[in-house]
Structure formats: C-alpha cells, structure tokens
Amino acid sequence: MTVIETRDESLPRAEHPAAEAWRIFRSRPAALFGLLLLGIIVLISLLGPYIYAVDPFEIVWAPLTPPFETETAILGTDNLGRDMLAGLIVGGRATLLVGITAALITIIIGILVGALAGYYLGWVDDVFMRITEFFQVLPPLLFAMVLVTLFTPSLPVVAISIGVVSWPATARLARAEFMRIRGLEYVSAGRSIGARDGRLIWRVILPNALAPLIVSATLTIGVAILFEAGLSFLGLSDPNTMSWGLMIGSGRQYILDAWWVVTLPGAMIFLTVLGVSLIGDGLNDAFNPKLRER
Amino acid sequence: MTVLKVENIVVDFATRRGNARVLDHVNLEVNEGEILGIVGESGCGKSMTALSIMGLVPSPPGQLTSGSIYLEGRDLVGLSKDEMRDIRGNEIGMIFQEPMSSLNPVFTVGEQIAESVRLHENASPRAAWDRAVEMLRAVGIPEAEARAKSYPHQLSGGMRQRVMIAIALACNPRVLIADEPTTALDTTVQAQIFDLLEDLQKSRGTAIVLITHDMGAVAQLADRVAVMYAGRIVETGTVEEVLTKPRHPYTAGLIACVPHLQPDPPEVREPLLEIPGVVPSLTELGEGCAFAPRCNRALPECTRRQPVLKAESGGHATACWAVEAELENV
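One line per chain: the protein sequences are A and B, in this order. First residue of the first sequence? That's 1 in the working numbering, and the numbers climb one at a time after it. First residue of the second sequence? That's 1 in the working numbering, and the numbers climb one at a time after it.
Source of the hints: derived by calculation from the structure; they are not laboratory data. Just so you know, not all the hints are guaranteed correct.
Unchecked claim - DMTMM-like cross-link-like pairs, simulated, lysine to aspartate or glutamate; straight-line CA separation at most 25 Å:
1. B:K81 - A:E185
2. B:K81 - A:D125
3. B:K81 - A:D197
4. B:K149 - A:E185
Values in this document were obtained by computation on a predicted structure and should not be read as measured data.
Extracted from the complex, chain B is given alone in its bound form (with noise of 0.2 Å):
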C-alpha cells in the first residue's frame, strides 16, 4: 500500500540571478515498510524534496509552485500552517544530517524526545517522560533511565543520532524522512545506524525516505532507488535493477565512482573515476537535459529537448534520450 506519493511536485525559488526551478516535475511513491533510496550530488534537489514533503521549504524566496503530495491518500499541499504542524512529527518523522547540532543543547535528551510526544498526544509529563525513556532503549542506547537526563554534549555522535531517530518515532509515524542520517559519522557508526533503521522499519512498519549521496547506504538498506539531477529524476527502480543495470549515464557514472577496496601491489590501482564537469546551475537551465553537457553518451537530441521518464518491465524507468534510443533499437 502506498503510504507517501509525491506526485509532479515544482519547487521555485527566486534569486537574484532570476528563477531558480529547484525541483521539476518530481514523482516519488513509497510503500508501507518500504525503504525508498533517494540519490544524487549536492544541490540535486534531494534535500528540498525531504522539505516539500514536510512543508517546510522556505518561503520567500522558495515556493511549491504545483504538484501534490499525498499521505495516505490526503493531499498535503494547501494544507493549513496548523495542520501542517500537526502532520509533522506525529505522522511525517525527519532526522538531519547533523546529529551534533540538531538537539537543543540546553535540555536533557529525555526532555526533548518527550516533548515531542507532548506536541502530538495529550499525554502527562510523568507519561510522555516515560515514553521518552522507552524509546531510548528502542533505538538501543544502554542506561535508557539515566541517560535520558544527559546533555546532548555528553554523548557521541553517533548517540546523538539514536536521541535524533527516538525524537522523530517517538508519535509513531508513517513516514521517516532520513536527510543523510550518517554523513557526519565514522564508518563503524554509519553501519550501526543503519542496523537501527532497518530494525526499526522491520518491528514498526515506518516507511522511510533515504536521502544520501552514498551508494553503498543504497545498496545496503533501499528496497528502490531515485537518482536525481539538478531537480530531476533522472532513473528510478528497484535496488538489484538501478545498481546493477544502471541505464542512466549520470547513474552509471555515479557508480563508477564509488571507490573499491583494492589489494596490493599499488601499480595496478586503477584510477579514480569521476564524472566529468560540475552540476550546472539552476538558474541556468536549458532546453535540453541538464546533464548533457557532462555526458559522454550525448546525442543532438539531448540539448534540443528534454527527456520524461520512460518505464521498461518491472518499474525501471530512466529520463534519457539515449537510453530510449538504444531500448527501442534492441
């Protein structure tokens, strides 16, 4: 069952330098106690489509421009600010990027994680408190009790970002939106924060949005993937298809350049690869696919006009000329 569908949605914002169109047209669908991968470079738009769907991109200068965004089939867009409030945090969970300053610093992590109940449910401070501890102990943090009276400066990242993940489950959401949940966090972290949010999904059912630029999270935790590019999704598809049969050449490329661990001897190492050229700028925009001008595989067609998502067998669908091309030939 479809839990959460972003359906066209067209994010503007103005600059100085003129319209900037942040997000064009982007489909999503995620379905019940799936995890859905959303990929792509910096300023690709991943992080603004996370803020769409709470709503809260930032107005002025951005604005929704069109498009709807569905929770369990009631559309959010044109929803009143009260209501808005209301979805968040009791229905749409987030947790940011930077666990080290996304907790107040002046209140205990209990007090934090139960407030957020006390937002959403008419629940006594004795009650929410202990719901507070409760859900520290279910994102596995050892001492729950004690530990709930600590100060967000007396744990380490990668506890912080457990205390972040108990704050946005703590209303039992339908939806966690995950903007790069390990970016700032050692390896070994990264993993355990992983483990955590695939349990959590598993024993809760939260569908959860994951918005990284790291292959390898995708790899390892997504049921689907949506590679985006400069506001677009460029492929969409299941995890096996996209990584392994990757039609896009950005997605290709993105692969490409995820480093593989080599054994010695150090004369054989291949070479980095990398993807030619940077990300243009959207206020810059042509015609033509965004990607274009850094694509080795660009045809005339590919500046003139751009390209819509074209779905083959089992939900793989890639926006490029060329890709189209080559499918139709076969």
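The shape of chain A in the complex, shown without the other chains (with noise of 0.2 Å):
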C-alpha cells in the first residue's frame, strides 16, 4: 500500500455545517439579539396568560383610559374598556402562529414547485413557472383579501391565504438554487453510483440548497406576520380571536385621542418582526460561505 500523504496528519474535529453555521451566528451581536427579542416575545406569549389571567375580551374599566392609570388594567384600556395587557399578551399567540404556519406553507408550496422545475427542467419548469408567474403577477394583498373572504375568516383561512400569495419567490430561489446545483459534480457522482431521481432531489441536492430557503422563510415569518396584521387592519380576521392586528383594527378610529390603542400592539409587532429580521440577517451570515472560516 502506498504510503499517505502527509499532509491532514492531526485529525481535524468533523464539525457539522449546522454546526459551523451555529459557530458564526453566535458570534454576531445583532442576530443574538434577534434571538433574544423573539424568545421573550414567544415566550410571554406561550406563559403569559397563565400568568397574567385576564379575558382580553372582558371589559375591566372605563373605555380608553390611558397607561398606568388604573392598577385594574397597568397598560390601559381599548375603545371598549377592555385591558390592553390582556390583549397584547394574548394577541401573540396568533399573530405568531399566522407568521410560522405562513411561512411554512411558503416554503413547502416553494421548495416543491422550485425543486421540480430547477431539477427536471423542460416543460416541467415551463409548466411551474407559468403558475409561479401567474400567482406572482396578482397583487399580493389584494389576492388575499380575497381568498380570505371567499371563505370564513379565522386564522386557518388566513395563514393558508397569506402562505398561497407569497410562495413565489420562495419557488423561484428553490429553482434557481436547484439549477445551480444539479449541474455540480457531485451531483453527477451521485448519479454515477445509481441514485434515482427522488434521492437526488431531496437527499443530494436539497440539503445544500437550504441554506438560502432557511433565510428566506425565515424573512417570510417577519412578512407573513405584518401580512396577518394588515389583513385584521381591514377587518378580514377573526374577530373572535385576539390578535395585534386586530387590536390596531379596531382601535384606529381613536388613534388621535388614544395613542396606546394603535401604539401599544404596533410596538409589539414591530418588535417581533424586528426580531424576526435580525435573525434571518444573522442565518444569511452563518450560511455564507463566504465568512466561515476553514
């Protein structure tokens, strides 16, 4: 046997790319950051209501009292009288679950649709990116507004409305991605040593085509809540479900005499998708090649 180069003696340790990924996000201040904003977000809205147990619905006090007035309702009350607290604790919880299952629906729809085209090519491409096209060339907002009153409007409706309008240009990243790399010689090899077309799709090529469809629907959830937010805005949610959107909605004619009905729920959405940018900001650094060290 021939004796091995000696170069590569010392072993190096077999770190994951997720890992390597984990390494640069970490070291990025803005992305912790992100993290951070959107971890207590979640969380107060994941524990809040147990802690913090007032019916966001219930009238506590008299109508559009301002912040730190009452002891009843700290944050103030809405047009109606009911506690502001209540509702921006209780609001994240749908406003966030629209945003994930949005964004899920968009890349699902996207990947699909973009890893056929960019993979078979030909009129299979042809046929998708047609479809691609002519779900791109709606306006977004409108096209859902009338998905969602086609149907009931409840949050189901509205997630599926909002990931049916912006899973475009998720395909088209896939497509592209997936062009880039089918023509890669690993992807040849894989080819070389029998692996079917399934295999090649989702085991071969998928996994590096990831890394910018993690950050992209990662920017989507950050959409797909401010989406969710104009949709409750125009009154095209459930009106039985407390949402931030739905608390803007319903307190804009107020806004000149009571800041704290539109601002409050604002702010928070303004936070989470701040929180939700930074960290998609922060995956697009850890992803790229270009910054990691070898």
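Two chains, two frames, a set of hints: combine them into the complex.
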C-alpha cells in the first residue's frame, strides 16, 4: 500500500455544517439580540396568559383609559374598556401562529415547485414557472383579501391565504439553487453510483440548497406577520380571536385621542418583525460560505 | 475474458449549428483485470465514451444513435432506466476529474460510501458503515474509523480522490471508469493515486478504463491504449507497441509533445513540439480524415475518404491512409 501524503495528519474535529453555522450566528450580536427579542415575545405569548389570566375580551374599566392610571388595567383600556395588557399578551399567539404557519406553507410549496422545476427543467419547468408567474403578477394583498372573503375569516384561512400568495418568490429561489446545484459534479457522482431522481433531489441537492431557503423562510415569517396585521386591520380576520392586528384595526378610529390603543400592539408587531429579521440576517451570515473560516 | 465490449457506438448531439457526431463508431474492449487507457485532446470524446458506458449521455441534446455496449455479454444499450441504475455503481463504478467537487459537502465521507453500498445491497446501516470504514482502509486512508466521520472539506485533494475511489469500488464493480482521475492533483499525489489504482486492480481484479490526456499516466499504468481524435479511435494497441512505435501521425505528435526533463545547459534546450492547428468543430467534419488538415503526412486521399482501423500484427490497429500505404509498400 502506498504511503499517504503527510498533509492532514492531525485529524480536524469533524464539524457538521450546521454546527459551523451556529458558531458564526453566535458571534453576531445583532442576531443574538433578535433571538433574544423573539424568544421573549414567544415566551410571553406562551406563558403570559397563565400568569396574567385576564380575558382580553372582558370589559374591565372605563373605555380609553390611558396607561398607568389604574392598577386594574396597567397599560390602559381600549375603546370598549378592555384590558390592553391582556390583549397584547394573548394577541401574540395568533400573530405568531399565523406568521409561522404561513411561512411554513410558503416554504413547502416553494421548495416543491422550485425543486421539480429546477431539477427536471424542460416542460416541467415551463409549466411550473407559468403557474408561479400567474401567482406572482396578482397583487398579493388584494389576492389574499379575496381568498379570505371567499371563506370564513378564521386563523387557518388567513394563514393559508398568506402562504398561497407568498410562495412564488421562494419557488424561484429554490429553482435557481436547484439549477445551479444539479450541474455540480457531486450530483453526477451520485447518479454514477445509481441514485434515483428522488434521492438526488431530496437527499443530495436539497440539503445543499437549504441555506438560502432557510433565510428566506425566516424573513417570510416577518412578512406574514405584517400581512396578518394588515388583513386584521382591514377587518378580514377572525373577530373572535385576539391578535395585534385586530387591536390596531378596532382602535384605529381613536388614534388621535388615545395613542396607546394602536401604538402598543403596533410596537409589538414591530419588535417581533425586527427580531425575526435580525435572526434572518444572522442566518444569512451564518450560511454564507465567504464568511466561514476554514 | 472480455468484461466490457463497446461496439460501434455512435453518439450525436443536436446543436444550434447542426448535428455534431461526438462519437463515431467507437470500438473498445477491456479484459478482466486489465487497464485500458483512452487518450486524446479535450473534446475528442473520451469523457463521452465514459458517459455512454454509464448510460449517462445527457439527453437531450445527446443521443446514443447506434451501437452496443456489452458488459459480460449483456447489452446495456436498450436497458430500462431502472436496470441501468442498478448497474451504475454496482457493476460499473466511475470516478471523476474533480475530487474537490465530486463529494457532497453536507455529508460525511463515511455516509457517502455507505450510501453507495445501501443503494445496491440490502445492507443494514451498521453493516454499510462498517463497509465504508473497510473501504477507506482499502484505499489507504489512515485512521479510517475517525476519517469516516470527516466532511469532504476537511480532506486534501488526494484524500478526496481516495474517497471517490472507495465510493466507486464499494460494491465491487467489474469495471471502474476513471475519468482523468489525477488531472486536478499535484504530481506526487498523482503518483500515489496511480499506485493505488494499480494495487486495487491487482487485488480485486477490477478492469479499469483510464481516461486521460497524460501519456505518462498511460505509459505507467495501462496495458492497452486507444487514441481518440474528433470522436473516433485513430490508433489502438498494447502500450509498448503504441508508445514505442506510434503509427498514426496524431499519436506520434502527442508523444512528441510530452516535454522531457532536460539537464543543463539551457542553450541546447529543444523547443517544445506542438501539433499545428486546432481540433475541428464536430459540426463541420468533412468526408475525409478529421486530422488531415493538421497532418504533416496527409495524402490527397485523406481529405476524400475516411480511413478505417486496419489491424497489423499484435492487435495494433491504425486508421490512417498514409500508414496503410506505407505498410503496403514494405
């Protein structure tokens, strides 16, 4: 047997690409701040209702009481005399749930369409891309409004509608990645050991295409949250489920007399989207091969 | 015993400027435990020959127009996709030019070898992994158990090519196609990979088709050689015959182009030889010999009719009118 080259004698620690990404992510203060921010908001939404058990629909005090005037409703009341703090705590659940569900739908449809189009090319690509373009040319907010009004406005309907209008961008991204990677040698090598198409698509190409898709999915959560707020603001959401968007929507007439009714839920939405975006940026850095030290 | 026999294969590519005949009636034979070298310039059809054998000619635009490829007597042309998939990696293995990009960056090398095993054998994950470690050991990687858990980017080029060889040989194929396996590697590492291929070929009896543009590699490794030009085989024979007594002007040119290490003084340096002209476009091949425009021995005949391989003693065959004329006059 031949003698092996002398390079590489010490075994480097095997670091999974994901572990490497986490190491870079961890080194970004902004990304960590985003994670912290979103973590706190998720924690409040999950646990808050048990600690501060006030029904957000219950009238507790005089309408439009400013914050810090009564201990019963520390952050004031809205136009119906409902506790703002209770609304902010419970409202996060619906908002986050819709955001995450919509992003999941987006990423699943996007990857499915993009993977098949980018791998098979030819007529498959043509068909899928025409469908994608059809969805892309429709104004998304209007389209989502139509979908929500066609069915009963409820959280699942809102989440699905947002997902259905926002997948084309992800599909195009996935397609571009698949087109790039399918020509690389390790895909040919996979083919040369007898792997079938399904295996090449999901086990060989997808793991390598995932990084930008994860970043895009994260950012989609932020977009979906804003979307949900917009739909609620327009009254196109479930009126029986408290959400930040709903709070803004029902308080919008009183914005000049009672700033807190709109500003407080608005700030929550802002902080959530900020947290998500910072995480997205951090992931973008973490997956960027140029920023990795080898 | 003949393991692999390529008979008169023709591969056409539809291009914007018309049909390009990438392979024109290529014939090859590889015997058990033998190393066949295929040499030629870039674009002469070496790699396309490999892809044809693997059933991986990109289609469209490519197409295997006619011919047969026999693996131990069984014609691979016309097999279904599934049957062909079963042969790839199992009965024919292939290694590629770029070890740097031929491995999937997100899986450990052990996982990738094990995958090759599991695609063709009903092996448990544990058994496949053990085989992966065993293969790494067989291709001369030290600390194989620990190395199996490495990611490709943690290995040097030579190591990665060893891993590629391990993947290709994991199912003990009858034939290994090595498509320029050392082009991207340092000279010293090249020699190690050649040694390894030779060892494996001896210990496992795998027939190897070595595709290269490196005459030195052929001289060192191969038993027989086929020289390709513009999609045709222009000369074939044993390595001794072809390298010491090249018949075809193109083969002679290729051998003359290999630089020799020269001692001082520099004043007496011979200039490097080259073959004048460029490889013709495959869409513009005329009636005659494709090499005629660059050939210093071209006869009027050469531009009119295509020469065919004519065998002389010892299986040495040449497709050249000038050579034919010369041999007849002797």
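Hint numbers contradicted by this structure = none
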